[in-house]
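J.: Chain residues, written in single-letter form:
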Amino acid sequence: MRANFPVRLGPAEESLIAQLKAAGATQAAERITVAGLPTRRVESYHYTDLKTLLRSIPPLATAANEASAPALRIPGAYTLMIANGVIQNASTAPAGVIVGKADGGVLTTRDDVMVHVNNALANSALTLTLENTVDPVIQVERRVEGEAAHVADALKIFVADNATTTIIETFSGSDAAHVGNHATYLALGKNAVVTHITVDLSARAATHFATNEYHLADGAKLRTLVIHLGAGLSRTNVFPTMGGADAHADITGLNLVSDGQHADITMETHHAVPHTSSQPLFKSISRGRSKAIVQGKLVVARDAQKTDAKFMHQGLMLSDEAEILSKPELEIYADDVVCGHGSTCGKLDEDSLFYLLSRGIPKAEAETMLVRGFIAELLDPVEDSELNEALQGIVDGWLLGGK
Amino acid sequence: MTTPVLEIRNLHARIEEREILKGVNLIIPPGQVHAIMGRNGSGKSTLSYVLAGKEDYEVTEGEILLNGENILEMEPDERAAAGLFLAFQYPIEIPGVATMTFLKAAINAQRKARGEDELKTPDFMRMVKEAGAQLNVDSEMLKRPLNVGFSGGEKKRAEIMQMALLKPSLAVLDETDSGLDIDALQVVSKGVNALRDGQRSMLVITHYQRLLNHIVPDVVHVFSDGRIVESGDKDLALQLEAKGYADFDGQAA
Chain A
1 MRANFPVRLG PAEESLIAQL KAAGATQAAE RITVAGLPTR RVESYHYTDL
51 KTLLRSIPPL ATAANEASAP ALRIPGAYTL MIANGVIQNA STAPAGVIVG
101 KADGGVLTTR DDVMVHVNNA LANSALTLTL ENTVDPVIQV ERRVEGEAAH
151 VADALKIFVA DNATTTIIET FSGSDAAHVG NHATYLALGK NAVVTHITVD
201 LSARAATHFA TNEYHLADGA KLRTLVIHLG AGLSRTNVFP TMGGADAHAD
251 ITGLNLVSDG QHADITMETH HAVPHTSSQP LFKSISRGRS KAIVQGKLVV
301 ARDAQKTDAK FMHQGLMLSD EAEILSKPEL EIYADDVVCG HGSTCGKLDE
351 DSLFYLLSRG IPKAEAETML VRGFIAELLD PVEDSELNEA LQGIVDGWLL
401 GGK
Chain B
1 MTTPVLEIRN LHARIEEREI LKGVNLIIPP GQVHAIMGRN GSGKSTLSYV
51 LAGKEDYEVT EGEILLNGEN ILEMEPDERA AAGLFLAFQY PIEIPGVATM
101 TFLKAAINAQ RKARGEDELK TPDFMRMVKE AGAQLNVDSE MLKRPLNVGF
151 SGGEKKRAEI MQMALLKPSL AVLDETDSGL DIDALQVVSK GVNALRDGQR
201 SMLVITHYQR LLNHIVPDVV HVFSDGRIVE SGDKDLALQL EAKGYADFDG
251 QAA
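Those protein sequence lines, which keep their order, are chains A and B.
Counted from 1, the first sequence has number 340 at position 340 by UniProt numbering; the numbering is strictly sequential.
Counted from 1, the second sequence has number 49 at position 49 by UniProt numbering; the numbering is strictly sequential.
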């Protein structure tokens, strides 16, 4: 069929195909040649039609000569950097952290264009092996610097059995029409306890793509938090696999979108074995003419009895033109599970606002308090106080700036 | 003559197309406690919301003067800074907003509006601790999000504690007794009475005489169909309790 009706390829697709071919990724190039970038007819890109949204792809990045200021400083953190795909590692790693390098292609192959492109173009991956509990927060700064560039980079993290750690990745760079495509694969050993946070702080001109893949062994506990607030167009794929009994994941995310922005968090969690649980909780705040999307799919394998999972997305609209889209999906093959989903959307509660006003708090401040309160459920569980404060600062900066 | 703390002149207000206040007149001199009694639906709570400036209500006629100043054009936060406090019948639960953060924001916003310096944190902590001790509001309650998970009694105690911290010149207590058992009623009343200082005025809205045994009013008004139909001393409340509201219906015609 497709052979008879070839898709019309736009400039973004043409550049992408050329880049993939040059990298020797003929299969990935062929896939885009045949199908093009996903349109709204592709279910997983229904609200993020890349064919329309992605006008062009800049040239592949070369090593950066200069760097912008760090987007986020967390006192006491151990920091590593990947700039324009090049791994930079200056400081000494804390005890138990082994830093290394491996071939790219860290993501499990699946039918997703961001995954194909990253696996094809990310030449090398930064690897972190955490042999035991690591006290300092680990920060991986991922940057795209210089002229507009297309960057595919990769990070692979192994957390040993019984180890505890907190990892934050920040995405930032120069103010240019970059396309960043970032991959993170994180494997949690038995009873490992991991907090993994990714924050997009890219410039508004940039496009931010990220895929976070997780694999949890028996008894592992994961808390994830995706924050979108920088790029004009952002999409983060969150793909956890609950692969061991008693594994639990709190999968959270926050879209903060202002006028002209489009942010999409797409989650697909696989409950692969019996007795696992997940609590996906997402929030979106939209102001001006902007669009925030959360797609959340829970897949429960046939043998994964006693799965306990509930997806929730709460939207807060601060303007009449704001758009918040929610798509929960359940795909359940087991027959003894507790799974659910819920979505809510609304404006700030007027009774709450009146209560704060009646105590003398001016309207703008009262609104900020309520929005902070709305987000608190996502930030409060971040235990490291310096990190928590840094995240609160980012959110406050968004609340107090712009429209 | 001293300026009354509150003077309401021929106040008419409606919500959507329905007129609820139909010509309220009321004067409360400094230091006095006035009670408004009336059956459910008579417009008592509407009066409290209109005083505080809730958006849903439209004032079609009349004036509200707070310490001689017309407050009708003021936003709710400006009215609060001008000295008005409303103790809510149903205090709102606000998840995610810490009680201490809220109290500090409220106190400092009012101070700022009046051109005073913001409170320093140690002074603020001391104030809250003292006010809390009076009203059995412990540090455990203060750590929780605003009113979240508070029992009915805890919410009302927290309201009175806010009043003690904000030191209004006029406090409007809307059905503060509702949902309180007798012990809680005593704690709350004690807290309210401690704030009677000969200057601060209060408007106590209730439909049970019970509260007025604890907070003894100087004047009692009977509210019916959107206006005050009878005023008297505290014995009027006892008459009402004995005879019900029926006798007062239609008196103002």
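In short, the hints are calculated from the structure, not lab data.
Glycine included, each C-beta is placed from N, C-alpha and C at the ideal position.
Treat each hint with caution, since some may be false.
Computed beta-carbon distance windows for the label pairs [stated by the list, open to error]:
#1 A:383 to B:134: 33 to 43 Å
#2 B:133 to A:368: 45 to 55 Å
#3 B:75 to A:377: 21 to 31 Å
#4 B:138 to A:348: 47 to 57 Å
J.: It remains to establish, for every hint, whether it holds in the given structure.
T.: Cross-check of the supplied hints:
Range check, residue 383 of chain A to residue 134 of chain B: Cβ separation about 35 Å, and the 33 to 43 Å hint holds. Restraint check, residue 133 of chain B to residue 368 of chain A: a C-beta distance of roughly 31 Å breaks the suggested window 45 to 55 Å. In this structure the hint that residue 75 of chain B and residue 377 of chain A lie 21 to 31 Å apart at CB holds, the actual value being about 29 Å. One distance hint, 47 to 57 Å for the beta-carbon pair residue 138 of chain B and residue 348 of chain A, is violated here, with the actual separation near 30 Å.
When held up to the earlier numbered hints, the structure conflicts with 2, 4 and fits the remainder.
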